[in-house]
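A.B. asks: These protein sequence lines are chains W and X, in that order.
The first sequence begins at 3 in the working numbering and counts up by one.
The second sequence begins at 3 in the working numbering and counts up by one.
Treat the hints as calculated values from the structure; they're not laboratory data.
Since we're looking at a predicted model, the values are computed, not measured.
A virtual CB, placed ideally from N, CA and C, is assigned to each residue, including glycine.
Among the clues, some could well be false.
So the derived label-pair ranges between C-beta atoms look like this [stated by the list, open to error]:
1) 41(W) x 200(X): 26 to 34 Å
2) 40(X) x 158(W): 26 to 34 Å
3) 130(X) x 16(W): 26 to 34 Å
2 protein chains.
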Amino acid sequence: MSKAIPEPVTQLIEAFSRLPGVGPKTASRLTYYLLRAPDQLSLGLADALRDLKEKTTLCSQCFNITVDNPCGICSDANRDQRTIAVVEEPLDVIAIERTASYTGVYHVLHGALSPVNGIGPDDLRLRELFARVESGNVLEVIIATNPGQEGDATAMLIRQELTPKGIKLTRLARGLPVGGDIEYADSVTLMRALQGRSEL
Amino acid sequence: MSKAIPEPVTQLIEAFSRLPGVGPKTASRLTYYLLRAPDQLSLGLADALRDLKEKTTLCSQCFNITVDNPCGICSDANRDQRTIAVVEEPLDVIAIERTASYTGVYHVLHGALSPVNGIGPDDLRLRELFARVESGNVLEVIIATNPGQEGDATAMLIRQELTPKGIKLTRLARGLPVGGDIEYADSVTLMRALQGRSEL
């Protein structure tokens, strides 16, 4: 066996296997694909992996991933710096930006409360959020954590802390997804949609 | 959008997307996972990718992937150098080595004939195989190409070329996979199993 698989091949298979959702079969398929592919494919991926760690940092204000600090959104004079959307992950920022309907700034927590996984308030950028609210002229905090147990727990904690500060606190609406089908909606979503019904 | 996603992030997503079976969703999931993971994970993968291209070569005799040339199998005095198993891919060598029941050497074609994909005889290591047979004291060539249209066509071509040389030519048996169920066997496999039936 050891004679049949050269060390660099085994090592790349192992490195791929450490990625989430990549099993040993996929890892070896990718490795053998790269062996036959032009060098530029492997080397380009290698460079991109290095750059990801060496050229990015977290924005010191909103903790989104960025090259410049503060990030493009935090330093944009056209954006409303008094409205902060609190999200769990950088990907959530991208999703909200894609709507092209939000002009405030963000605060990335880098996770959500999850006692099961040992993630407490100190593992998130909560202290930094509270300091931002404390120090600046923040008018509204939109809690845009995921609609689920962990996102809800995180939202509750933020509400507890920020309610006494007298700022406007909102949360993203929950209901039927656009294009969804009532017949196939889960009952919790349907219940929320009923509770949040609006007049026509 | 462009402000929300820093350049190094976009570039890694693109680099991952170029891998087979990795779509944009998976690519961005992997990228954002790596952003949060310890640096060693990204940098280890980057190093492994570089080493794959910089430290491996093809064995000048059997064309398997190797660090040393000739490879460990070709330079192993305990292996029967007069029996050559012809396979399509390096992964096939590993599969056969895993059986621990083959003591000959290999010849890796790096593909199979496929007119649809524009792969002809000159794209495979066929010339090198014929030269090996021509030059050396080869007793048997075991054609271990995949059981399918492309593997069959490749086997036919090898047979055509090597039959006049008067060496023993064999092909891997086809039939029911061990642990398989006759009820669920496809009819071509079952037909082959019938044709190749052996006496008890």
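A.B. asks: Each of the hints needs a verdict: does it hold here or not?
C.D. replies: The hints, checked one at a time:
1. 41(W) x 200(X): 26 to 34 Å: Violated, since residue 41(W) and residue 200(X) (Cβ atoms, about 48 Å apart) do not stay within the stated range.
2. 40(X) x 158(W): 26 to 34 Å: Distance hint for residue 40(X), residue 158(W) holds at roughly 31 Å.
3. 130(X) x 16(W): 26 to 34 Å: Holds: the Cβ-Cβ distance is about 31 Å, inside 26 to 34 Å.
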